[in-house]
Each structure stands twice: as C-alpha cells, then as structure tokens.
Amino acid sequence: MHPWQLQFAAAEHGDVLVLKPTRQLEGQDYDALSLKLEELARQGRRRLVLDLSAAKYLRSAVLGVLLAHQQRLAEQGGRLVLVAPEGAITRVLRFANLQADLPVRPDVAAAVQLAAAAPEPPGGPEAPKDP
Numbered sequence: 011m012h013p014w015q016l017q018f019a020a021a022e023h024g025d026v027l028v029l030k031p032t033r034q035l036e037g038q039d040y041d042a043l044s045l046k047l048e049e050l051a052r053q054g055r056r057r058l059v060l061d062l063s064a065a066k067y068l069r070s071a072v073l074g075v076l077l078a079h080q081q082r083l084a085e086q087g088g089r090l091v092l093v094a095p096e097g098a099i100t101r102v103l104r105f106a107n108l109q110a111d112l113p114v115r116p117d118v119a120a121a122v123q124l125a126a127a128a129p130e131p132p133g134g135p136e137a138p139k140d141p
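Each residue of the sequence shown is one higher than the last, beginning at 11 in my numbering.
If you are wondering where the hints come from, they were derived from the structure by calculation, not from laboratory data.
Hints are supplied without guarantee of correctness; some may be wrong.
[Said to hold, decoys possible] With a Cα cut of at most 30 Å, we get these calculated DSSO-like pairs of lysine-lysine:
| no. | residue 1 | residue 2 |
| --- | --- | --- |
| 1 | Lys66 | Lys30 |
| 2 | Lys30 | Lys46 |
| 3 | Lys66 | Lys46 |
Using the sequences and the hints given, assemble the complete structure.
As structure tokens, then:
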C-alpha cells in the first residue's frame, strides 16, 4: 500500500464504528472513501462516526460522498455523524445549511452518543459483521 492511499484507524463503541482517516481527506479521496463506506454498508454497519477532528478542510467531492452515504443510512434507520471541532468544517456545513443532513459533534463521545441513538432499521436490527 502506498503512503498516500487513504487508510483509517477504527474503533468499536458498542454498535457504533468510529473511523478516523490517517491523513487529511483530499478531493481525490472521494472514491476510496465511498468504497470504504459502501463496504461497511454491505457488512451491515448502520451507525458510523467519521472523526475529522484533525482535518483542516473538507473538499466538496468528499462532502458529496458523506451526504450520499448519510442519506442511504438514514433510509435504513442508521446515521453517519462527523466529529469536527468548531472551525472550517463546521462553518462550511453551516454556510451550506447542511447541519441537519450531516450532523457534526465536537468530540467522539458526543458523536457516538448521537449515532447510537439512531432508530432501528425497518425489520429490526441486523448483527454487524467485523470491519
């Protein structure tokens, strides 16, 4: 694997999976991010937190992937929550009026709490598989 390829650190918090990119997400990462989120969806993951606390900015292509995945999760009774302290990312989401569509919390604990509160998907919970 090349050092520039997108990788994630992952941590389990009950049925919530927290992902943290090992480097800044760039515009060209939208495809790798989309593939990772789709893989998790196939594994039955419905409650995700993406920790962007170290990110300095959020490219529009990446934002599009996050919005699309959040919409798919919401249809299945899940949720994607971002972690980002007050700064550039939260300003962009406020400016674009996307806070309701893509929830952001200032720390991992608050994000996990919100993700865990997502309603169960229609037909009941499915056991998630290992990431």
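Query raised in the report: Hint by hint, which ones does the structure fall short of?
Result: Every hint satisfied by this model.
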